[in-house]
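> Okay, here's what each chain looks like letter by letter:
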Amino acid sequence: MSYSEELLRGLEIKARQIRKDVVISIGVGVAGHIGGANSAADIVTALYFYKMKHDPKNPKMKDRDRFLLSKGHVAILQYATLAEAGYFPIEDLKTTKEIGSYLQGHPDARKTPGIEAGTGSLGQGLSIGLGMALGLKADKIDRKVYVLVGDGEIAEGQIWEAAMAASAFKADNLVAILDKNTLQANGAIADRFDTNPISPKWESFGWEVMEIDGHNMEEIISALDRAGDIKEKPTVIIANTVKGKGISFTENIVSYHNGMLTKETYKQALEELS
Amino acid sequence: MSYVNQRIAYGNTLIELGKKNKNIVVLDADLGGSTMGKMFEAEFPDRHYEMGIAEANMTSVAAGLAQTGKIPFTNSFAVFAGGRAYDQIRQTIAIGKLNVKICGSSSGLSDFGDGSTHQAIEDMSIMRAIPNMTVLCPADANEAVEAVKAMVEMDGPCYIRLNRNDYDNVTPEGKKFTVGIPDILKEGSEIAVFATGYMVGLAMEAARELEGDISVKVINVSTIKPINEDAIKDMVKACKAVVTAEEHSVVGGLGSAIAEVLRQECKPIEFVGINDTFGCSGHCYQDVLDYHGLTKVHIADAIKKMAVL
Numbered sequence: 009m010s011y012s013e014e015l016l017r018g019l020e021i022k023a024r025q026i027r028k029d030v031v032i033s034i035g036v037g038v039a040g041h042i043g044g045a046n047s048a049a050d051i052v053t054a055l056y057f058y059k060m061k062h063d064p065k066n067p068k069m070k071d072r073d074r075f076l077l078s079k080g081h082v083a084i085l086q087y088a089t090l091a092e093a094g095y096f097p098i099e100d101l102k103t104t105k106e107i108g109s110y111l112q113g114h115p116d117a118r119k120t121p122g123i124e125a126g127t128g129s130l131g132q133g134l135s136i137g138l139g140m141a142l143g144l145k146a147d148k149i150d151r152k153v154y155v156l157v158g159d160g161e162i163a164e165g166q167i168w169e170a171a172m173a174a175s176a177f178k179a180d181n182l183v184a185i186l187d188k189n190t191l192q193a194n195g196a197i198a199d200r201f202d203t204n205p206i207s208p209k210w211e212s213f214g215w216e217v218m219e220i221d222g223h224n225m226e227e228i229i230s231a232l233d234r235a236g237d238i239k240e241k242p243t244v245i246i247a248n249t250v251k252g253k254g255i256s257f258t259e260n261i262v263s264y265h266n267g268m269l270t271k272e273t274y275k276q277a278l279e280e281l282s
Numbered sequence: 197m198s199y200v201n202q203r204i205a206y207g208n209t210l211i212e213l214g215k216k217n218k219n220i221v222v223l224d225a226d227l228g229g230s231t232m233g234k235m236f237e238a239e240f241p242d243r244h245y246e247m248g249i250a251e252a253n254m255t256s257v258a259a260g261l262a263q264t265g266k267i268p269f270t271n272s273f274a275v276f277a278g279g280r281a282y283d284q285i286r287q288t289i290a291i292g293k294l295n296v297k298i299c300g301s302s303s304g305l306s307d308f309g310d311g312s313t314h315q316a317i318e319d320m321s322i323m324r325a326i327p328n329m330t331v332l333c334p335a336d337a338n339e340a341v342e343a344v345k346a347m348v349e350m351d352g353p354c355y356i357r358l359n360r361n362d363y364d365n366v367t368p369e370g371k372k373f374t375v376g377i378p379d380i381l382k383e384g385s386e387i388a389v390f391a392t393g394y395m396v397g398l399a400m401e402a403a404r405e406l407e408g409d410i411s412v413k414v415i416n417v418s419t420i421k422p423i424n425e426d427a428i429k430d431m432v433k434a435c436k437a438v439v440t441a442e443e444h445s446v447v448g449g450l451g452s453a454i455a456e457v458l459r460q461e462c463k464p465i466e467f468v469g470i471n472d473t474f475g476c477s478g479h480c481y482q483d484v485l486d487y488h489g490l491t492k493v494h495i496a497d498a499i500k501k502m503a504v505l
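In order, the protein sequence lines correspond to chains A and B.
If you're matching positions, the first sequence starts at 9 in this note's numbering and goes up one per residue.
If you're matching positions, the second sequence starts at 197 in this note's numbering and goes up one per residue.
Warning: the hint list may mix true and false statements.
Unchecked claim - Calculated pairs, PhoX-like style, for lysine-lysine (alpha carbon to alpha carbon, straight line, at most 25 Å):
1) K105(A) x K70(A)
2) K216(B) x K145(A)
3) K70(A) x K500(B)
4) K148(A) x K215(B)
5) K215(B) x K145(A)
Worth flagging that the hints you see were computed from the coordinates, not collected in a lab.
Remember, it's a predicted structure, so these values are computed and weren't measured experimentally.
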């Protein structure tokens, strides 16, 4: 399938705006999970602005696709995307993590429109997504559940419980996207706690595995479209990404897993993303 | 239909409710034969999910099902249903106030053969520490039937602990269960005994045997959380002292909950329960109850001790 330049450029521009919103939401002097947010920004943009059926004016519409951020610490990415999509005002992003804000440090389904379930304790989102997928199948609603997991996160045993179960239940309406940015909070995954090789693990659990460049919009949407055709098994899209992508001084830097911007670096980040 | 086993009562009531409410779904982690989830499975195979020996996944899957409008019941032994899956309950179900019902089967010492790893002596403690959680401990099979109905009627996370074994009912069949209401089973004026679960029957026996010597009020506390502060304070007003009785550690369970309620009431309280130890194996239920100090004699002794203060 070929996609128009117009479509691809449009999504790239949107992803850049979302990265900018992520920076604005963190602001100066408050820590934020900017690295892992920006590695997944292209993927999440593609989901909300190309692939998923959803309605910002009716977040609970029955006939919707669902997105779950299993790597819940990059809530700021989802907030920026939801705001750009019209779920709530963009100017509210700067209240993130303030006392009383409906934008909490990790996704809170009670507080924020568009959040399907609370996550934050890593390793649980794939299970929750599987539960939603099973519920949709039971009600014969032909929509998909997309779950974003991290490559450090797959150390959690529950991810593999879910992977096994998704296969056993033939949950072909469940699509996992693995943000393979190679870094976790305390260093490179390959050095600290090596979860590689990743693709063969998912294959052996019975998943359809696709590998893409997580910053190539054409590869992203193509994989999402192909996932729609896979039957009788769930799909995982392993996306090779750069942690901190889009801001030169955060790319591949471990400390921006949960990093702080100064007045100067904030300004520089916004300039680079403009 | 009167049952004498809480698990059988539970299994049958789920079927009864499942016939009326298509949204009820049941999940098991390879223990359906024990939790009686197998009964629901036989009746509604498409609405029962065998999740394998993976309680964490089972619990988070239930959260996801709840978010598609289902009313999921997760089943396992209490140690696993609430203990192993604690984080899954806390982080998504409780924080999110999701409509998931958690059944802690074979709770307390009631799985007498399997021993300490399978005997939940702290489940009420950990579950009631979670905000937004409702914690139920029905006294007998009759009350279990009604409690399960109440679980479906209420919205939000709810944990129920069930006993494994057969024993006589102490509450009447068909009495509507209202979440949060403690129930005076026997009036009395000197010592108030708050009991829950299996210990309610024992408390009643102890109270009857002391008739004439000490006037004992017996209250069945089948909702551990939310605990009804006003009702409990009112119940102890005229009494000089309090005894609590639970098939559970004295740390953090019913005794602690009652003590918290009465923290400004200056009533002496004695706890009857498991003395901050794990359980152990026994050839029969009575053996483990005796060994851990959970008998009517222990309750009577506590009453007598409080009566002479």
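> Go through the numbered hints given earlier and state which of them the structure violates, listing their numbers in rising order.
Those not satisfied are hints 1 and 3.
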